[in-house]
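**Student:** Listed here are the chains, written in short residue letters.
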Amino acid sequence: MITIFDFEKPISELESAIAELRQLAAEKGLDRSREIAELEAQRERLLKQIFAHLRPWDKTLLARHPKRPYALDYVRLMCESFLELHGDRLGFDDPAIVGGLAKLGCYRLVVVGQQKGRDLKERQKRNFAMAKPEGYRKAMRLFRLAEKFRLPVLTLVDTPAADPGVESESRGISEAIAQSMLTMFELSVPTVAVIIGEGGSGGAIALAAANRVLMLEHAIYSVIPPEGCAAILYRDPNKAPQAADALRLTSESALELGLIDLIIPEPLGAAHRDPQTTALSVRSAVLQQLDELSRIEPDTLREHRYQRFRQMGVYETV
Amino acid sequence: MITIFDFEKPISELESAIAELRQLAAEKGLDRSREIAELEAQRERLLKQIFAHLRPWDKTLLARHPKRPYALDYVRLMCESFLELHGDRLGFDDPAIVGGLAKLGCYRLVVVGQQKGRDLKERQKRNFAMAKPEGYRKAMRLFRLAEKFRLPVLTLVDTPAADPGVESESRGISEAIAQSMLTMFELSVPTVAVIIGEGGSGGAIALAAANRVLMLEHAIYSVIPPEGCAAILYRDPNKAPQAADALRLTSESALELGLIDLIIPEPLGAAHRDPQTTALSVRSAVLQQLDELSRIEPDTLREHRYQRFRQMGVYETV
Amino acid sequence: MQRRGVAQTNSEQWVQCAKCRKILFRPDFERAMRVCLHCGHHHRLCARERILLTVDSNSFQETDADLRSVDPLGFPDYADKLRKGAAASGENEAIVTGTAMLGGYEIGIGVMDFSFMGGSMGSVVGEKVVRCFERGAERRLPVILFCASGGARMQEGLISLMQMAKTTAAVSRLQRAGMPYIAVFTDPTMAGVLASFASLADVILAEPGALVGFAGQRVAAQASVGKPPANFQTAEFQHEHGMIDLIVPRKQIRITLTYLLEMFLPVEAPVR
Amino acid sequence: MQRRGVAQTNSEQWVQCAKCRKILFRPDFERAMRVCLHCGHHHRLCARERILLTVDSNSFQETDADLRSVDPLGFPDYADKLRKGAAASGENEAIVTGTAMLGGYEIGIGVMDFSFMGGSMGSVVGEKVVRCFERGAERRLPVILFCASGGARMQEGLISLMQMAKTTAAVSRLQRAGMPYIAVFTDPTMAGVLASFASLADVILAEPGALVGFAGQRVAAQASVGKPPANFQTAEFQHEHGMIDLIVPRKQIRITLTYLLEMFLPVEAPVR
Ligand SMILES: [Zn+2]
Ligand SMILES: [Zn+2]
Numbered sequence: 000m001i002t003i004f005d006f007e008k009p010i011s012e013l014e015s016a017i018a019e020l021r022q023l024a025a026e027k028g029l030d031r032s033r034e035i036a037e038l039e040a041q042r043e044r045l046l047k048q049i050f051a052h053l054r055p056w057d058k059t060l061l062a063r064h065p066k067r068p069y070a071l072d073y074v075r076l077m078c079e080s081f082l083e084l085h086g087d088r089l090g091f092d093d094p095a096i097v098g099g100l101a102k103l104g105c106y107r108l109v110v111v112g113q114q115k116g117r118d119l120k121e122r123q124k125r126n127f128a129m130a131k132p133e134g135y136r137k138a139m140r141l142f143r144l145a146e147k148f149r150l151p152v153l154t155l156v157d158t159p160a161a162d163p164g165v166e167s168e169s170r171g172i173s174e175a176i177a178q179s180m181l182t183m184f185e186l187s188v189p190t191v192a193v194i195i196g197e198g199g200s201g202g203a204i205a206l207a208a209a210n211r212v213l214m215l216e217h218a219i220y221s222v223i224p225p226e227g228c229a230a231i232l233y234r235d236p237n238k239a240p241q242a243a244d245a246l247r248l249t250s251e252s253a254l255e256l257g258l259i260d261l262i263i264p265e266p267l268g269a270a271h272r273d274p275q276t277t278a279l280s281v282r283s284a285v286l287q288q289l290d291e292l293s294r295i296e297p298d299t300l301r302e303h304r305y306q307r308f309r310q311m312g313v314y315e316t317v
Numbered sequence: 000m001i002t003i004f005d006f007e008k009p010i011s012e013l014e015s016a017i018a019e020l021r022q023l024a025a026e027k028g029l030d031r032s033r034e035i036a037e038l039e040a041q042r043e044r045l046l047k048q049i050f051a052h053l054r055p056w057d058k059t060l061l062a063r064h065p066k067r068p069y070a071l072d073y074v075r076l077m078c079e080s081f082l083e084l085h086g087d088r089l090g091f092d093d094p095a096i097v098g099g100l101a102k103l104g105c106y107r108l109v110v111v112g113q114q115k116g117r118d119l120k121e122r123q124k125r126n127f128a129m130a131k132p133e134g135y136r137k138a139m140r141l142f143r144l145a146e147k148f149r150l151p152v153l154t155l156v157d158t159p160a161a162d163p164g165v166e167s168e169s170r171g172i173s174e175a176i177a178q179s180m181l182t183m184f185e186l187s188v189p190t191v192a193v194i195i196g197e198g199g200s201g202g203a204i205a206l207a208a209a210n211r212v213l214m215l216e217h218a219i220y221s222v223i224p225p226e227g228c229a230a231i232l233y234r235d236p237n238k239a240p241q242a243a244d245a246l247r248l249t250s251e252s253a254l255e256l257g258l259i260d261l262i263i264p265e266p267l268g269a270a271h272r273d274p275q276t277t278a279l280s281v282r283s284a285v286l287q288q289l290d291e292l293s294r295i296e297p298d299t300l301r302e303h304r305y306q307r308f309r310q311m312g313v314y315e316t317v
Numbered sequence: 000m001q002r003r004g005v006a007q008t009n010s011e012q013w014v015q016c017a018k019c020r021k022i023l024f025r026p027d028f029e030r031a032m033r034v035c036l037h038c039g040h041h042h043r044l045c046a047r048e049r050i051l052l053t054v055d056s057n058s059f060q061e062t063d064a065d066l067r068s069v070d071p072l073g074f075p076d077y078a079d080k081l082r083k084g085a086a087a088s089g090e091n092e093a094i095v096t097g098t099a100m101l102g103g104y105e106i107g108i109g110v111m112d113f114s115f116m117g118g119s120m121g122s123v124v125g126e127k128v129v130r131c132f133e134r135g136a137e138r139r140l141p142v143i144l145f146c147a148s149g150g151a152r153m154q155e156g157l158i159s160l161m162q163m164a165k166t167t168a169a170v171s172r173l174q175r176a177g178m179p180y181i182a183v184f185t186d187p188t189m190a191g192v193l194a195s196f197a198s199l200a201d202v203i204l205a206e207p208g209a210l211v212g213f214a215g216q217r218v219a220a221q222a223s224v225g226k227p228p229a230n231f232q233t234a235e236f237q238h239e240h241g242m243i244d245l246i247v248p249r250k251q252i253r254i255t256l257t258y259l260l261e262m263f264l265p266v267e268a269p270v271r
Numbered sequence: 000m001q002r003r004g005v006a007q008t009n010s011e012q013w014v015q016c017a018k019c020r021k022i023l024f025r026p027d028f029e030r031a032m033r034v035c036l037h038c039g040h041h042h043r044l045c046a047r048e049r050i051l052l053t054v055d056s057n058s059f060q061e062t063d064a065d066l067r068s069v070d071p072l073g074f075p076d077y078a079d080k081l082r083k084g085a086a087a088s089g090e091n092e093a094i095v096t097g098t099a100m101l102g103g104y105e106i107g108i109g110v111m112d113f114s115f116m117g118g119s120m121g122s123v124v125g126e127k128v129v130r131c132f133e134r135g136a137e138r139r140l141p142v143i144l145f146c147a148s149g150g151a152r153m154q155e156g157l158i159s160l161m162q163m164a165k166t167t168a169a170v171s172r173l174q175r176a177g178m179p180y181i182a183v184f185t186d187p188t189m190a191g192v193l194a195s196f197a198s199l200a201d202v203i204l205a206e207p208g209a210l211v212g213f214a215g216q217r218v219a220a221q222a223s224v225g226k227p228p229a230n231f232q233t234a235e236f237q238h239e240h241g242m243i244d245l246i247v248p249r250k251q252i253r254i255t256l257t258y259l260l261e262m263f264l265p266v267e268a269p270v271r
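Protein chains in written order, with numbering that gives the first Met the number 0: chain A, 0 to 317; chain B, 0 to 317; chain C, 0 to 271; chain D, 0 to 271.
Bear in mind the hints are in silico, worked out from the structure with no lab data behind them.
This one's a predicted model, so the numbers in the text were calculated from it and none came from an experiment.
Think about it this way: if two alpha-carbon atoms lie no more than 16 Å apart in a straight line, the pair counts; the simulated EDC-like pairs of lysine to aspartate or glutamate are:
(1) K83/D <-> D70/D
(2) K124/B <-> E239/C
(3) K147/B <-> E261/C
Bound conformation, chain A alone:
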């Protein structure tokens, strides 16, 4: 399946032309390298031009791009090794949240992330990365393991929302989200969260109560999906682009507002055009945070984390 968003269309047209030309050259044994180089330069200019002016809604589409790297892609591309662990020890194992033990540079880590599915079948299995209570409870189990063995925690956030269904409600999805945050606040090991795609409201913050919160350039982070916001604000879910503007759900806005610590740049044309390079950028950003955090005393880490969120909020005193 190829997905081409409106703003990507001219680029993909150029890309098709380049591919055709290459094939033609190969078949006929001709040297068309000059023409190809020219088209590629054109593509590069166009990409720069388009990506210099992305609206929040464009970023929303990029964050949800079906070819965007997912949590396990990053784990595979950036970690030296990884062993997935399973189960909440309470009766369930939620495929929407994955977690395990990884090596990253000189660090041994607990990694927990929301995992989308690439094809239809996996998408359904992973419930579109909408975790049920058991997903967060598995995460908490792994957080406690991290605490016990003094391993830093890395979370990779990528979810449209926590699962809102009857089953999740009946097993306490709200409690699970709240407890997951509480467990993260109680940790005395370094914690780093990276919003890699969709940072969807409660489902996202449940895994993002970390010492450092980073965001990929084209990821989004929002209190409500733009469609839901549009339905309330304009009584029209199709006005999601306007709602995306109003919500200011981009990485730039989050950084400006002081709610995240760092934007990890994506390659030109967004992460899905070069997962390898993106993963290496994430890797080096995370390693840098870990280098800084691992110099801090356990109790201080907890206190810093508290203060990090404590100061969030904009109000006045009359």
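Start from chain A and add chains B, C and D with the ligands according to the hints.
**Tutor:** What follows is chains B, C and D with the ligands alone, placed relative to chain A:
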């Protein structure tokens, strides 16, 4: 419903005769007090005689007697006040285990107990006091509440077994039993368990990893129900009485083996003939334990509890 | 959904129950704490009424009344909604906090007010909740929160999502201080508030029939295979599912809270 | 139930798979660690075989081999069953414990042997498990336990039930020492062992197809409304239900354990 076991039959015949005589005397306005007194003395002699020679199987029947006081009866009869709390905060509230906050003498306590049902409907609702994983998880939540607020814990054990069904298996009944014991071992507040009826294998020990374990005189405590043991041992569940002998599941045996700390005597004719008196005996026994335990330091309480179970086991070294 | 919370005023003397539609004599209705005398429906209370009905007379001392919301994102209509919320509720924000005595115990208390922008949690609600917990930790006060909220305040964007984390962190402060935290879920307790500090109380009480849940009913139904049960997202449903300790009729809330304080608060060692 | 664990010997050269009934060349079968080359069925191993296949060569040092069961209740046939168990297994009891090296890490290890009275836990098994955990806590050794048990040993009555509590208490000792505990569920891991120390490991591995459950299959079916699923009480069922981290084929158990030790054991702070 009136249940008369074989060994209780002569007593109940006498009791019927006494009741008839009383009625007759009342109807006709006659003084039959001498005859009544004589019959009552006879009943007393007979009770003493019968209850002096109860076999383990008789005790099993008494422990399961449908008129025997249940956990909430004791709470009602022995505590100054009680507020039941509900839920495991994980999606379930198991009626087979009840728990809450009680006042007992000068103490504020967390009380947790297995609860049988008196009539058919309640029996089904309470699943015959066979707790599912969520029952033990509710208990653990209350244990942690006790730890946080430095309240002693009293458990009232009365279950044929933990629920063995598919649903319980799928939610981790084994893990729940193990975690419940572990949680009790981690507590630094005084803990007292009373086996009030059936102490049925894993389902019972899950709530009985306490500093002091007391047993009512006619309660039983066993690694396997006598019927199950007979099925294995004699390939005949009807040989349960013999199996009960072999298992030595009475309070006397448990005390002899050093596995419990104290037998709480029951009134003549067993607890169901005088719940009020039985409850007062339980009350004073528990209060005495609490008086002793509350003088011990928190860490020492934990260590004593460890050593209490640590030394259980009979083996030789060659 | 009917406007379940609001008793319609027919005249000065009479009100109509929002649920059973029966007409009630207003003085009786008020004496019953706005619980319908026919069907038992618990109508919503505003924060001040709740405080009056809950704490010991004249003991409430408000704190942080000087905090006001601003419009950090320039969000459409937010400034206007804040004005309307203030007018509708008579409050400056969706929560009133303070200290008080309850059954003779000094407590920190917060009461949310649904009539201010649906009790939604933005920066000011978050800050006041946090200060309530911090005050509890510092001064060793138990904290009692009455929740009534539709969730996070969309108009403050990501800042309002962060209030979930911020208030949760503050719960951990109170926990470390060993002080009790009791939550009372009133109609409605939803979404971002339920999924943060509300669910983390040591003991959770709820009023009968209160709406308590994560997502809107329509979203929940769409995301599910089967049909939601009849009592879906009521306090009773959450109680069945182990999330609420007790459903407590309004009249018994005060005595229940007092009992819990009595059980949890440290006292002198018993004399023997 | 078929005798799922045991590969029938047809001759010195040939064995028959207990599951698919295919005939296997014995040297191939042994080289495959008694895993069927046709259907992958994992046949039971006795304790010594398991130790040989798991730890670094010649590193195993047995401990507490001098403990023997007695017959504290004078239980029918118990003395006889102990003799037969010893004959069948070549062991003194249903568990072998000791210390060893694994992937270069010093560990405490315990391996249960189902061929000794169904791996049931009486006083000696309990004591040896406890000493294993205590040794781990004192000497700061990680503990690895291979479970294979039908449950508590009925023949020791209430004493055997107490072994559940006793071994659980010992897990808490190791936990407090911050040392890792890894359990491997092999066929079968049931009842009193599953409901005590086995389920409390930091990480739980299981061999494919191992029987893992609380009550006997018949009891479970009788106590349930619906029909048990086809894979009921297998390692795979427990894995689906969040009770087991990983199903690990026998050949990969050693490397998986090594990775876990590498992750959990304290190392010098990384040089930067
Ligand atoms: Zn009404
Ligand atoms: Zn085979």
